[in-house]
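Note that the protein sequences, when read in sequence, are chains A and B.
At position 20 of the first sequence the residue is numbered 20 (my numbering), and the sequence of numbers has no breaks.
At position 32 of the second sequence the residue is numbered 32 (my numbering), and the sequence of numbers has no breaks.
These aren't lab readings, by the way, just hints derived from the structure by calculation.
Nothing false has been slipped in among the hints.
Pairs of lysine-lysine residues, derived as DSS-like cross-links and limited to a Cα-Cα distance of at most 30 Å, are as follows:
1) K165/A <-> K2/B
2) K2/B <-> K320/A
3) K27/B <-> K2/B
Chain B side only, calculated, beta carbon under 8 Å to chain A, not exhaustive:
4) R3
5) V4
6) A8
7) C9
8) P18
9) T22
10) P54
11) E59
12) T60
13) P64
14) S65
15) P66
The beta carbon of each residue, even a glycine, is placed where N, CA and C say it ideally should be.
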Amino acid sequence: MSAERSSPEGIAGWPPPALDPAGPFAGPLNALAWVLFAMGGAVLLVVLIALGVALFGPRRWRGRLGGERLVWIGGLAFPVVVLSALLVYGLGLTSHLTQEPAPGEMRVRVTGEMWWWRVAYVDAAGREVLQDANEVHIPAGRPVVFELDSADVIHSFWVPRLGGKVDMIPGRRNLMRLQADAPGVYGGQCAEYCGGPHALMGLVVVAHTPADFEAWRARQSAPAVMATLAGPGAEVFARAGCGACHTVAGTRFNGLAGPDLSHVGSRRTLGAGILPNNHGTLAGWISDSQSIKPGNRMPAYPVLTGQELRDVSAWLESLK
Amino acid sequence: MKRVGCAACHAIPGIDWPQGRTGPSLKGFGASPMIGGRFPNRPEVLTVWLIDPPSLSPETGMPPSPITEAEARDVAAYLYTLDER
Numbered sequence: 001m002s003a004e005r006s007s008p009e010g011i012a013g014w015p016p017p018a019l020d021p022a023g024p025f026a027g028p029l030n031a032l033a034w035v036l037f038a039m040g041g042a043v044l045l046v047v048l049i050a051l052g053v054a055l056f057g058p059r060r061w062r063g064r065l066g067g068e069r070l071v072w073i074g075g076l077a078f079p080v081v082v083l084s085a086l087l088v089y090g091l092g093l094t095s096h097l098t099q100e101p102a103p104g105e106m107r108v109r110v111t112g113e114m115w116w117w118r119v120a121y122v123d124a125a126g127r128e129v130l131q132d133a134n135e136v137h138i139p140a141g142r143p144v145v146f147e148l149d150s151a152d153v154i155h156s157f158w159v160p161r162l163g164g165k166v167d168m169i170p171g172r173r174n175l176m177r178l179q180a181d182a183p184g185v186y187g188g189q190c191a192e193y194c195g196g197p198h199a200l201m202g203l204v205v206v207a208h209t210p211a212d213f214e215a216w217r218a219r220q221s222a223p224a225v226m227a228t229l230a231g232p233g234a235e236v237f238a239r240a241g242c243g244a245c246h247t248v249a250g251t252r253f254n255g256l257a258g259p260d261l262s263h264v265g266s267r268r269t270l271g272a273g274i275l276p277n278n279h280g281t282l283a284g285w286i287s288d289s290q291s292i293k294p295g296n297r298m299p300a301y302p303v304l305t306g307q308e309l310r311d312v313s314a315w316l317e318s319l320k
Numbered sequence: 001m002k003r004v005g006c007a008a009c010h011a012i013p014g015i016d017w018p019q020g021r022t023g024p025s026l027k028g029f030g031a032s033p034m035i036g037g038r039f040p041n042r043p044e045v046l047t048v049w050l051i052d053p054p055s056l057s058p059e060t061g062m063p064p065s066p067i068t069e070a071e072a073r074d075v076a077a078y079l080y081t082l083d084e085r
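One chain only, chain A, in its complex shape (with noise of 0.2 Å):
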């Protein structure tokens, strides 16, 4: 994508570097990958340098290069044993990224949905406690699972500079874990196309200091403040309709199709990580979401009025 965008690299970390390791399941990945591109680089640079050789080297090598004994060696025996090897050093730095949780490790589920992100923390049990979108809020210092699934096409779970790609397949739970050293956002992206706005499915992940997590979680726990039916903004949402869609915690809305909204006015971005998030950019999105995300399923709202766009913008932006 060009770099004229409207996203501030400074809100939400997207779109995301991808090689920039920020924790110990990013790091082993990160070098798998130098490791892969310096051993197909060699490779290729044999393959070349044999190409010359062979087209105008002196008339004895080119015979050296033509008998059956290079086809068993280089054809054959020197791909099987590096492939091999590069499988086990593979298979050796990943493998313990996707083991089942241990009792007391801290639970995320996501869903990928058509083109959001459905976030519910999960306690021991596995009840979901708390809803969120696009946004997912982890201590750092310590292992997070991730438990992905989707609710239509297969998705992609990516946040490069925490881990690795997982897919999100409908019908199966997969597992990932990510850990973030220090505090800090971190962007993600949907990594297999998914239709439509596949490019503008981003997301957020927000690492804190335990503390920081302990008081974002208590704040996040309850409704917010201004969760209450009274004033003009909470009256706009429920006379357009908003709450067929959409929860809002601590009040009559708790549609369940679009993203839970209730805090939706703390969340860096809008339109799943793609918008900086504010008065302005909510009052945008809902009168009009399709010309910024073309595709997406909410529709537009050209039925409000100026002041209604206003009222309905500051309420949400007040869910803090």
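Chain B: place on chain A using the hints.
Chain B only, in chain A's frame:
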């Protein structure tokens, strides 16, 4: 402008994506005589408009923006460069 996301509503020369349709395109804005079809397009009016449009026009759909006055002047300066017809 990128930090705030003006392009969520406006097509702005120099920004590829998004190109929102909720507000008017800002192509040629620098040569336009009016702001929002209502107010004279002068720097001191534009700066106020960028920070708090409803203070000038209570019916507008354009919300206040989280920018300082200095930033608003910078944005206005950029908008006045968009004077191609």
